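Trainee: So the sequence shown is numbered by my numbering: it starts at 11 and just counts up by one.
To be clear, the hints were calculated from the coordinates, so they are not data collected in a lab.
A hint or two may mislead.
[Stated by the list, open to error] In silico DSS-like links for lysine-lysine, alpha-carbon gap of 25 Å or less:
no., residue 1, residue 2
1, Lys47, Lys125
2, Lys141, Lys47
3, Lys99, Lys47
[Unchecked claim] So the derived label-pair ranges between C-beta atoms look like this:
no., residue 1, residue 2, range
4, Thr27, Gly186, 20 to 30 Å
5, Ala18, Leu200, 26 to 36 Å
6, Gln68, Asp202, 37 to 47 Å
Note that the structure is a prediction, hence the values are computed from the model and not measured.
Beta carbons: idealized from backbone N, C-alpha and C, even for Gly.
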Amino acid sequence: MYTGIVQAVRPLLDVATYPGHNQFTIDLTPELLDELKIGASVSVEGTCLSVTEIDGTQVRFDAMTATLERTNLRFFKAGQGVNIERSAKMNAEVGGHLMAGHIATTAEIVELSIKKTGAFIRFRMPPEWGKYVFPRGFIGVNGCSLTVADVEDNVVTINLIPETLRQTTFAHYKAGDLLNIEVDHQTMVLVDVVERTIKGTLAREKLLP
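Could you put the whole structure together from the sequences, leaning on the hints where they help?
Mentor: Written as structure tokens, this is what we have:
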């Protein structure tokens, strides 16, 4: 589990492509390496990946084809920075909201505005996932826990404070790029339960076509 508070942006040193998976080599700081072991889970741009090799400060992760197809990791290039968060520890402060690192979908950036007066990002959710996003609700974007400002026709608006821009990779994205999205699990369960209940009631009353 993760808290959605990005600990660092670290350089992606290498992307190796193999049949069925890609391997990413990321340089981590001593703080991020503390007690890190093979098999440990690390959030990389919001995606939960397992450590496969540790060589000094260089840590390698494998991403299977299914993960690549569901996330923006398939577009990773050596030299870019990536959001990193180690798994949360028991009794640790949850500064954002609990996240699993299981990406539901990707969303295309419609607009990214960064000005002295403020910054915001707008992205379009696939309709089947947009139903789980509500104003003032939580959403995970590239591993960052954010509060939704507005939703209209599946386009989500999020305001970005200067600290979020400084501590994450958002400033390096542009319109047309894809973001990794993790919807709030509790919200998803509630929406699905209500949806099934309503459909069941309508079916019993023979009100469905």
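Trainee: Decide, hint by hint, whether the structure agrees.
Mentor: Hint by hint, here is what the structure shows:
1. Lys47 with Lys125: 41 Å, violated
2. Lys141 with Lys47: 38 Å, violated
3. Lys99 with Lys47: With Cα atoms ~14 Å apart, Lys99 and Lys47 stay inside 25 Å; holds.
4. Thr27 with Gly186: 20 to 30 Å: 23 Å, holds
5. Ala18 with Leu200: 26 to 36 Å: For Leu200 against Ala18, whose Cβ atoms are near 33 Å apart, the range 26 to 36 Å holds.
6. Gln68 with Asp202: 37 to 47 Å: 41 Å, holds
In summary, the structure is inconsistent with hints 1 and 2 from the numbered list given earlier, while agreeing with the others.
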